[in-house]
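Colleague: Between the sequences and the hints, there should be enough to build the whole structure, so can you do that?
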Amino acid sequence: MTAPLHEATIAELSRRIAARELSPVELAQSCIARIQALDPALNSVLLLLEENAMAEARTAEAEIAAGRRRGPLHGIPIGLKDIYETAGIRTTAHSAVLRDHVPAEDATTVRLLRAAGAVIPAKLSTWEFAIGGTSFDLPWPPARNPWDRTRDPTGSSSGSAVAVAAGLLPGAMGSDTGGSIRNPAAWCGIAGHKPTYGLVSRRGVLPLAWSLDHAGPMAWTAEDCALMMSVLAAHDPEDPASADVPAPDFAAAIGEGRRHALAGLRIGVVRHFFETDVPCTPTVLAAMEDSIRALRDLGAAVSDLTLPSFNEYGAPGNIISRAESWTIHEAWLKQDATRYGAYGRQRLASGAFLTAADLLQAQRRRAEVIARTFQAMRGLDAVVFPTARDTAGPMGVDSLSPDGLPAFYARPFNLVGGPALSVCNGFSAEGLPIGLQIAARPFQDATVLRIGDSVERALGTRARRPVLEAMAA
Amino acid sequence: MSTTDPAATAALERRLAAIGLNMPAEDLAPLARLVEGLDAAAAALREPPLRVAAEPATALRLGQASG
Numbered sequence: 024m025t026a027p028l029h030e031a032t033i034a035e036l037s038r039r040i041a042a043r044e045l046s047p048v049e050l051a052q053s054c055i056a057r058i059q060a061l062d063p064a065l066n067s068v069l070l071l072l073e074e075n076a077m078a079e080a081r082t083a084e085a086e087i088a089a090g091r092r093r094g095p096l097h098g099i100p101i102g103l104k105d106i107y108e109t110a111g112i113r114t115t116a117h118s119a120v121l122r123d124h125v126p127a128e129d130a131t132t133v134r135l136l137r138a139a140g141a142v143i144p145a146k147l148s149t150w151e152f153a154i155g156g157t158s159f160d161l162p163w164p165p166a167r168n169p170w171d172r173t174r175d176p177t178g179s180s181s182g183s184a185v186a187v188a189a190g191l192l193p194g195a196m197g198s199d200t201g202g203s204i205r206n207p208a209a210w211c212g213i214a215g216h217k218p219t220y221g222l223v224s225r226r227g228v229l230p231l232a233w234s235l236d237h238a239g240p241m242a243w244t245a246e247d248c249a250l251m252m253s254v255l256a257a258h259d260p261e262d263p264a265s266a267d268v269p270a271p272d273f274a275a276a277i278g279e280g281r282r283h284a285l286a287g288l289r290i291g292v293v294r295h296f297f298e299t300d301v302p303c304t305p306t307v308l309a310a311m312e313d314s315i316r317a318l319r320d321l322g323a324a325v326s327d328l329t330l331p332s333f334n335e336y337g338a339p340g341n342i343i344s345r346a347e348s349w350t351i352h353e354a355w356l357k358q359d360a361t362r363y364g365a366y367g368r369q370r371l372a373s374g375a376f377l378t379a380a381d382l383l384q385a386q387r388r389r390a391e392v393i394a395r396t397f398q399a400m401r402g403l404d405a406v407v408f409p410t411a412r413d414t415a416g417p418m419g420v421d422s423l424s425p426d427g428l429p430a431f432y433a434r435p436f437n438l439v440g441g442p443a444l445s446v447c448n449g450f451s452a453e454g455l456p457i458g459l460q461i462a463a464r465p466f467q468d469a470t471v472l473r474i475g476d477s478v479e480r481a482l483g484t485r486a487r488r489p490v491l492e493a494m495a496a
Numbered sequence: 094m095s096t097t098d099p100a101a102t103a104a105l106e107r108r109l110a111a112i113g114l115n116m117p118a119e120d121l122a123p124l125a126r127l128v129e130g131l132d133a134a135a136a137a138l139r140e141p142p143l144r145v146a147a148e149p150a151t152a153l154r155l156g157q158a159s160g
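Top line first, the protein sequences correspond to chains A and B. Following the working numbering, the numbering of the first sequence begins with 24 at its first residue and continues without gaps. Following the working numbering, the numbering of the second sequence begins with 94 at its first residue and continues without gaps.
Take the hints with a grain of salt, since some may be wrong.
Derived Cβ-Cβ restraints for the label pairs, each shown as a range [stated by the list, open to error]:
(1) A:Asp267 x B:Ala103: 33 to 39 Å
(2) B:Ala103 x A:Glu298: 43 to 49 Å
(3) B:Glu140 x A:Gly427: 18 to 24 Å
(4) B:Ile112 x A:Val125: 27 to 33 Å
(5) A:Ala354 x B:Ala146: 35 to 41 Å
(6) B:Ala146 x A:Arg91: 25 to 31 Å
(7) B:Ala136 x A:Pro269: 40 to 46 Å
(8) A:Arg362 x B:Ala103: 25 to 31 Å
(9) B:Ala133 x A:Thr299: 17 to 23 Å
(10) A:Gln52 x B:Ala133: 50 to 56 Å
(11) B:Ala133 x A:Thr361: 27 to 33 Å
Derived from the structure by calculation, the hints contain no laboratory data. Glycine included, every Cβ here is placed at the ideal spot set by N, Cα and C.
Modeller: This is the structure we're talking about:
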């Protein structure tokens with residue numbers, strides 16, 4: 024049976040477009056109509072690019088009809104978090120500070136997506152300048168979680184996660200400085216991949232903290248993230264952190280997983296992160312145990328391992344992030360801090376009080392914790408732990424839980440730079456999604472995505488969607 | 094820095110003025126709490142002492158990263 028367009032994955036849509044069973048124009052029209060019907064209740068879209076998207080879809084249709092299909096993203100609608108610069112199209116970072124900012128050039132990733140034939144129908148909401156949490160005093164309202172609109176999608180790539188989870192768009196771009204791809208992916212029940220630092224260009228993506236920022240894909244499945252990564256992973260001489268490495272063969276890795284599941288892979292469970300360092304809820308713990316059983320059933324050798332304690336990643340991550348983001352925003356804050364929302368300006372301003380020695384101590388600790396992390400992961404293909412301590416909280420979340428502990432387990436792999444993917448590994452009794460995080464040593468992105476694809480299929484979580492049609496009334 | 098201590102709040106205002114940052118009055122208490130948290134994080138990084146030779150990861154280089 025063919026899935027309705029809004030429930031079809033990028034992989035399915037791509038096959039149907041390649042077989043000429045589906046027109047990119049029909050697909051773009053479907054996405055735009057669904058955005059217009061449902062997004063007023065979800066607030067995921069900051070700017071709908073209907074005219075541009077329809078022109079791009081018509082071009083894609085003509086090229087494919089002429090036998091010039093460019094690849095798996097040709098004719099596929101992909102949304103952009105509104106920190107991705109787009110030539111001639113407003114890019115606001117969801118902030119009054121950049122309300123009228125119209126870049127002259129596309130970000131490198133946007134250029135790559137366009138070259139692959141993707142259609143760009145929308146710029147998507149974010150936390151202000153990607154620093155969180157959720158704010159109600161910005162020029163545009165915050166996105167809401169499609170599984171329960173009283174719940175927060177979290178962020179900062181909130182609009183990207185909501186648009187994909189609600190079936191408004193099959194894929195979107197996010198960014199991740201301290202979990203901003205993986206956290207909303209988990210709370211919205213989708214897949215989100217933070218690539219290895221340097222594998223995907225950040226040129227033209229408005230920065231939050233240079234040495235922790237990552238650009239990456241968000242989609243319904245790990246396979247779809249792999250399809251997007253096959254376009255996005257490319258050396259960019261204009262991004263000083265870009266790695267000049269051969270692009271991984273993501274399609275081959277997914278194919279290998281489909282043929283042999285996880286046979287031969289060794290996976291570590293970082294149990295102390297979620298059992299003792301920052302204990303997760305019983306609901307998340309139960310989903311973790313289900314996932315660990317699934318990994319074993321899929322043929323992986325699974326064992327516990329000990330990494331540096333969770334808190335050893337937190338302090339250097341916070342100091343580095345705040346010092347770098349203060350440096351970026353200092354001039355604008357001094358000019359007029361009130362143009363920012365209260366949440367963002369307070370966090371950005373706090374970095375002003377750090378000293379040079381604070382930052383250098385943080386960077387020394389970072390070097391040490393990176394070495395200890397990868398030493399502990401020697402001989403392993405990946406490690407797993409939850410993405411979030413709990414399911415989605417009420418609208419207005421912070422990065423801390425009400426008990427003052429971190430709400431998410433994302434920070435370590437921003438600090439160490441290895442790839443980290445969140446996939447949906449279950450649902451709470453209330454029907455809210457739960458996220459599993461799969462991480463690895465640098466440049467093992469294809470392995471991480473293979474594991475995510477296998478786990479999603481084994482657990483069967485991709486068959487369940489939020490029910491939204493009532494909102495259109 | 095105590096977030097309820099008027100002297101500490103006044104000190105924060107002086108530091109903000111010295112930096113040239115004009116923040117709304119309602120920001121002072123939450124900002125003080127944030128600065129307090131960062132001060133604690135910075136203190137945690139100083140203990141235990143690192144080897145003298147331990148170098149900072151000022152530029153993250155992974156694999157064959159060209160940067």
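Colleague: Against each hint, give a clear statement of whether it holds in the structure.
Modeller: Going through the hints against the structure:
Distance hint check for Asp267 of chain A and Ala103 of chain B: the Cβ-Cβ separation is about 53 Å, which falls outside the suggested range of 33 to 39 Å. One distance hint, 43 to 49 Å for the beta-carbon pair Ala103 of chain B and Glu298 of chain A, holds here, with the actual separation near 44 Å. Between Glu140 of chain B and Gly427 of chain A the C-beta distance comes to about 21 Å, which sits within the given range of 18 to 24 Å. Checked against the hint of 27 to 33 Å, the C-beta distance between Ile112 of chain B and Val125 of chain A comes to roughly 31 Å, which is consistent with it.
Distance hint check for Ala354 of chain A and Ala146 of chain B: the Cβ-Cβ separation is about 36 Å, which falls inside the suggested range of 35 to 41 Å. Judged by the Cβ atoms, the range 25 to 31 Å given for Ala146 of chain B and Arg91 of chain A is violated: they are separated by roughly 58 Å. Range check, Ala136 of chain B to Pro269 of chain A: Cβ separation about 44 Å, and the 40 to 46 Å hint holds. For the pair Arg362 of chain A and Ala103 of chain B, the supplied restraint of 25 to 31 Å holds, since their beta-carbon distance comes to about 26 Å.
Hint check: Ala133 of chain B to Thr299 of chain A, Cβ distance near 21 Å, so the stated range 17 to 23 Å holds. At about 54 Å, the CB distance of Gln52 of chain A to Ala133 of chain B agrees with the hint of 50 to 56 Å. The supplied range of 27 to 33 Å is met by Ala133 of chain B and Thr361 of chain A, whose beta-carbon atoms lie about 28 Å from each other.
Taken one by one, the earlier hints fail for this structure at numbers 1, 6, listed in ascending order.
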